[in-house]
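Please model the complete structure; the sequences and the hints are all you need to start from.
Number of protein chains: 2
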Amino acid sequence: MNLEWRLILASASPRRRQLLQGLDLPVEITRTDVDETPPEGMPIAQVAEHLARKKADAYTTALAKDQVLITADTTVLLGDRLLNKPADAAEACGMLRLLAGRTHQVVTGVCLRTAQRTVSFSDIAVVTFAPLTEAQIAYYVERYQPFDKAGAYGVQDWIGYVAVERIEGSFYTVMGLPLHRVYRTLVDLAESHHIEK
Amino acid sequence: MNLEWRLILASASPRRRQLLQGLDLPVEITRTDVDETPPEGMPIAQVAEHLARKKADAYTTALAKDQVLITADTTVLLGDRLLNKPADAAEACGMLRLLAGRTHQVVTGVCLRTAQRTVSFSDIAVVTFAPLTEAQIAYYVERYQPFDKAGAYGVQDWIGYVAVERIEGSFYTVMGLPLHRVYRTLVDLAESHHIEK
Chain A
1 MNLEWRLILA SASPRRRQLL QGLDLPVEIT RTDVDETPPE GMPIAQVAEH
51 LARKKADAYT TALAKDQVLI TADTTVLLGD RLLNKPADAA EACGMLRLLA
101 GRTHQVVTGV CLRTAQRTVS FSDIAVVTFA PLTEAQIAYY VERYQPFDKA
151 GAYGVQDWIG YVAVERIEGS FYTVMGLPLH RVYRTLVDLA ESHHIEK
Chain B
1001 MNLEWRLILA SASPRRRQLL QGLDLPVEIT RTDVDETPPE GMPIAQVAEH
1051 LARKKADAYT TALAKDQVLI TADTTVLLGD RLLNKPADAA EACGMLRLLA
1101 GRTHQVVTGV CLRTAQRTVS FSDIAVVTFA PLTEAQIAYY VERYQPFDKA
1151 GAYGVQDWIG YVAVERIEGS FYTVMGLPLH RVYRTLVDLA ESHHIEK
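Chains as they are written, first to last, in the numbering used here: chain A, 1 to 197; chain B, 1001 to 1197.
Hints are not guaranteed to be accurate.
[Stated by the list, open to error] Here are some of the chain B residues that sit facing chain A, going by a computed Cβ distance under 7 Å: (1) TRP1005; (2) GLY1079; (3) LEU1082; (4) ASN1084; (5) ALA1135; (6) GLU1165; (7) ARG1166; (8) ILE1167; (9) GLU1168; (10) LEU1179; (11) HIS1180.
[To be verified] To be clear about the criterion: a stretch of chain A counts as covered by chain B if any three or more of its residues have a C-beta under 8 Å from a C-beta of chain B, and this derived list gives those stretches: (12) 13–23; (13) 129–141; (14) 171–179.
Because the hints were derived from the structure by calculation, they are not lab data.
Since the structure is predicted, the reported quantities are computational estimates derived from the model, not experimental observations.
All residues carry an ideal CB built from backbone N, CA and C; glycine is no exception.
Encoded structure:
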């Protein structure tokens, strides 16, 4: 609304697509493939933003003046552990056992790039899970196959419904894209772009 | 999952329907019509639970042993004001001007009833809005017509994307049904029902 950007989302996540389309701006979907292994020695809270920038760097097509490339990465942090996407059902169940009855952090890093500039940031949300039974964990992993999700869960599906007791921060950051900050950055970019014209 | 309840949701809200169906239990939809005017003199934080019970009382069909009736009501509180559903566009814009740049409370009251007992509770979430421009408010009200929503906004649509900076509590309470507490109550009711059999 009142913004004339055309967005390019480079992401395989159907959740990010759905969210970004909710801004009522034109969105083109593509994806870039990068190695998502966290760099050795990088503090875990910085990994998401680093990977978001790396995904943007892998998009090498020139941007038109009215285009914004958007990339993002979401990580789940429990104490000093970084939980990635689980490789299989056993690892998914193990992650959910770790998260059950505890509070963890979700960090989503975002990178926005225009022809003129690149902006990136991280947004953090704190999520508290209720205790989970083994039967609940097994049911969820079997039925929802959360293998494309950091920490092995989706806040917008069954386990988010029954087990997430509390969030501090943005729900959409947990879902994979802090839309309020994406929107504010698009407004800022439009203003600076206008000034520079 | 592992629960054998059949749910009856008495609510006209499409959001509550969608959420409750996410528990993976059979859900029958109906509605009851009650006067939603808050009783004179009732503390505003108690109104939502009162109205949820009133909606349950208006459902007079007998419940089978495996059925649970669920009703709910959501209110938006800003200081000592209770914001209802807006009557028209002018009132909707006025509510959004009040909420913009401020923190408010959302209270969702829920009533669950079986053939044997009735349980009700309230759940509170705290929501912080970014400042909004007049153009943003006008766009939202015109395009999204938020006349069926307490406080004139939906946390799961455009304004929730661009303007909600922070939540403390359950996102689903803001959306209209605190599912984690509904689920826990269904588990508790199943256990007490089993004991009494």
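Quick rundown of the hints versus the structure:
1. The beta carbon of TRP1005 (chain B) is not positioned within 7 Å of any beta carbon in chain A (closest approach about 14 Å), and the interface hint is therefore violated.
2. The closest approach between the C-beta of GLY1079 (chain B) and any C-beta of chain A is roughly 22 Å, which is over the 7 Å cut-off, so the hint fails.
3. At about 24 Å, the closest approach between the beta carbon of LEU1082 (chain B) and any beta carbon in chain A exceeds 7 Å, and the interface hint on this residue is violated.
4. Taking 7 Å as the C-beta contact cut-off toward chain A, the hint placing ASN1084 (chain B) at the interface is violated, the least distance being around 24 Å.
5. Interface hint status for ALA1135 (chain B): upheld, as the beta-carbon distance to the closest one in chain A is roughly 6 Å, under 7 Å.
6. Look at GLU1165 (chain B): its Cβ gets to within about 5 Å of chain A, closer than 7 Å, so that hint holds up.
7. For ARG1166 (chain B), the interface hint holds, since its Cβ comes within 7 Å of a Cβ in chain A; the closest pair sits about 6 Å apart.
8. Because the smallest distance between the Cβ of ILE1167 (chain B) and any Cβ of chain A comes to about 6 Å, under 7 Å, the interface hint for this residue holds.
9. For GLU1168 (chain B), the interface hint holds, the least distance from its beta-carbon to any beta-carbon of chain A being 5 Å, beneath 7 Å.
10. Given the 7 Å rule on beta carbons, the hint for LEU1179 (chain B) holds: about 4 Å separates it from the nearest Cβ of chain A.
11. A cut of 7 Å between beta carbons decides the hint on HIS1180 (chain B): the least distance to chain A is about 5 Å, and the hint holds.
12. Counting residues of the region 13–23 of chain A whose CB lies closer than 8 Å to any CB of chain B gives 3, so the stated coverage by that chain holds, three being the minimum.
13. Against chain B, the region 129–141 of chain A contributes 4 residues with a C-beta closer than 8 Å to a partner C-beta. That satisfies the three-residue criterion, and the hint holds.
14. Against chain B, the region 171–179 of chain A contributes 3 residues with a C-beta closer than 8 Å to a partner C-beta. That satisfies the three-residue criterion, and the hint holds.
In terms of the numbered hints stated before, the structure departs from hints 1, 2, 3, 4, listed from lowest to highest.
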